[in-house]
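Chains A and B, in that order, give the protein sequences.
Numbering of the first sequence is given in the working numbering, commencing with residue 1 and proceeding in unit increments.
Numbering of the second sequence is given in the working numbering, commencing with residue 1001 and proceeding in unit increments.
Among the hints, erroneous ones may be present.
What the hints assert, rightly or not - Listed next, the stretches of chain A that the computed footprint assigns to chain B, with coverage defined by at least 3 CB atoms under 8 Å from CB atoms of chain B:
#, region
1, 13-25
2, 64-74
3, 77-90
4, 98-109
5, 129-142
6, 150-163
Hints were generated in silico from the structure; no laboratory data involved.
Yeah, the Cβ is synthetic: ideal placement off N, Cα and C, and Gly gets one too.
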Amino acid sequence: MRRTLFEGLVRRPLTEVPPSPDDGALAELAASVERAARRRLGRSLAIREVDAGSCNGCELEIHALNNAFYDLERFGLRFVASPRHADVLIVTGPVTRNMREALERTYAATPDPKWVVAVGGCAADGGVFAGSYGVVGGVAAVVPVDLHIAGCPPTPIELLRGLLALLERGSQG
Amino acid sequence: MPSLLDIIPRGERVAGHRPWPRFVVTAQAWRHAAGEIGSGRATLLALWGDASAVPMVHLAMLEERSGEIAVISLACPDRKFPSVGAHAPPAIRPERAIQSLYGYEPVGGPDLRPWLDLGFWEVRHPLGARSKAPDAPPAYTFLPVEGESLHQIPVGPVHAGIIEPGHFRFTANGEAVVRLEQRLGYVHKGIESLMAGASIDQAAKLAARTSGDSTVAYGIAFAHAVDAALGIEAPPRARHLRALMAELERLANHFGDIGAICNDASFALMHAHCGVLREAVLRAAADSFGHRLMMDRVVPGGVATDLQRDGAGLIGDLLQQIRLQFPRLVELYDNTASLQDRTAATGIVSVELARQFGASGYVGRASGREFDARKTPGYAPYERLDFTVPVLTAGDVNARVWIRIREVEQSLALIEQILDRLPDGPIAVALEAGGGEGLGLAESFRGDVFAWVRLDGASVARCHLRDPSWFQWPLLEAAIEGNIVADFPLCNKSFNCSYSGHDL
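Construct the complete structure from the given sequences, taking the supplied hints into account.
Right, dumping it as structure tokens:
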């Protein structure tokens, strides 16, 4: 263990250079974030992830944001265990009928001001699952959405771009 | 050893069901087969409903030593069938799902509560004779627990981590878990209803999104079923590329799991280093096949993407990196007594339970069940590749970690052999519209994925996908009994069952 820890000290970090915020995301956010008293929160956002019906692909890539390459916490963004501690809900999946109430209750439990980021193609419009008896549709069909991050699943870099846009736009608010 | 075909009373053989036979049988023969599964002479592979023509239930089973597979089907025009779960516990949840989705009643079933249907759908029996669901769904009753000083802890569907949703109802006596009962179905997307009538392309996309962590394995299982139904064979190069992707997927998931299990024992160092290896695999996958999870790369008839020109070199570099770094992580795991203190003798699954449930993957192999779909029944190109299937019998969290470690080593050897022997040639054959039924298996990192299709021209008439989690989730309920509540995350992660694959 000592050798592994020591090498961690002397080796160059694996962490990637931050990507520039997504332009499209900045435009989408312009309306939603400026209206809120975002300044109070500074440049730190607590994120609660909610799988509302995903295939788990998006979760894998959201997980990757915490690895040494993407290191989400360096931006002041971190995942929290309860919606009551969160500023941002990241919601994945087509919202299933079986998860609709749980998503609504999670949203209600998140204190204001709050933002919702819908991640993945399914979260936009239900994706390949649209039209099923078990699916309500995209996230916006259940709770208001401030930002969509596209992809099936979006790569960690695409996720970072979207979240940085939220942070940039938010701190100007 | 009697052959599987000897122990099930044969009925009328269905034409065009490949590669294993399907028989339409009488209720008496159906009950006999259920008894054979209950007594351990055959293993339940899948149990599902069908409303395409007449109401019907299908039962797929396996004879483990010979690797023989057979499907039996029972018409149930009165929407009732003799319960298999009454003889064989692994059939209980599939039967409850059949009742909720199709409205066919398993007569004599030990548990008739709904499954997957949580009371939020607008329709009842969405895959059978649909009717409007009642406005106020009946309350769900959890199993009773009696005794002194018990308390309940309801957890979920929304969990604390970045994970899928499901409900766990713990009953504890102080810190010790007396009973865990799962309630699943929250991510039920109705995939089987979307499959019905979908084009083969569209159906393959749905199969690839049944459980995102096993997208390659689902792609292979679905392709095996469709290829069999059409009587076609993917070209040798495609078979090798499918296996290459499957082994990369296994590596990525095993690295993720080994790290996450240690992290749930608060050993973050392992998590960080395994995370680096997982990311390295995903990047190599993206560079070689154009997608980090290799989604939609396996298609019926072959593969959709050939290996990028420098792919073999990139994957070779990846193997080298893993061979350099992983042994030290294994040593780290093996030499950290405080970590082993958490994983050893925690969450034990008995050899008997693993056998009874036909548990596959690391859950089965950590508890003495050797089954691996790559060996039995086996599929190309694995019969020509040299690898072993690790088996342990301790059945605890530690054993499930060690199985993953050994499987990582086997996957590295497999990838090397595949790259060495990668044949030239086409990567797909054209699909010709046709009828027929096909059954396919593929070994995901988690266990065997089962796929069954009935084709109607260029589209899918009916498709059933069975995730390995169906026969692992119930064992988690058994494994946690007597353990402390705080060890549940550790046990749960060592299983890493799929919610989406199960809920479908």
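Hints, one by one, checked against the model:
Taking a C-beta to C-beta cut-off of 8 Å, the region 13-25 of chain A contributes 1 residues in contact with chain B, too few for the three needed, and the coverage statement is violated. Judged by the Cβ-Cβ criterion of 8 Å, the region 64-74 of chain A is covered by chain B as claimed, because 5 of its residues qualify and three suffice. Residue count for the region 77-90 of chain A with a Cβ under 8 Å from a Cβ of chain B: 4. That meets the three needed, and the coverage hint holds. With 6 residues having a beta carbon nearer than 8 Å to a beta carbon of chain B, the region 98-109 of chain A meets the requirement of three or more and the stated coverage holds.
With 6 residues having a Cβ less than 8 Å from any Cβ of chain B, the region 129-142 of chain A passes the three-residue criterion, so the hint holds. Beta-carbon proximity to chain B at under 8 Å applies to 3 residues in the region 150-163 of chain A; the threshold of 3 is reached and the given coverage holds.
The structure shown violates just one earlier hint, number 1.
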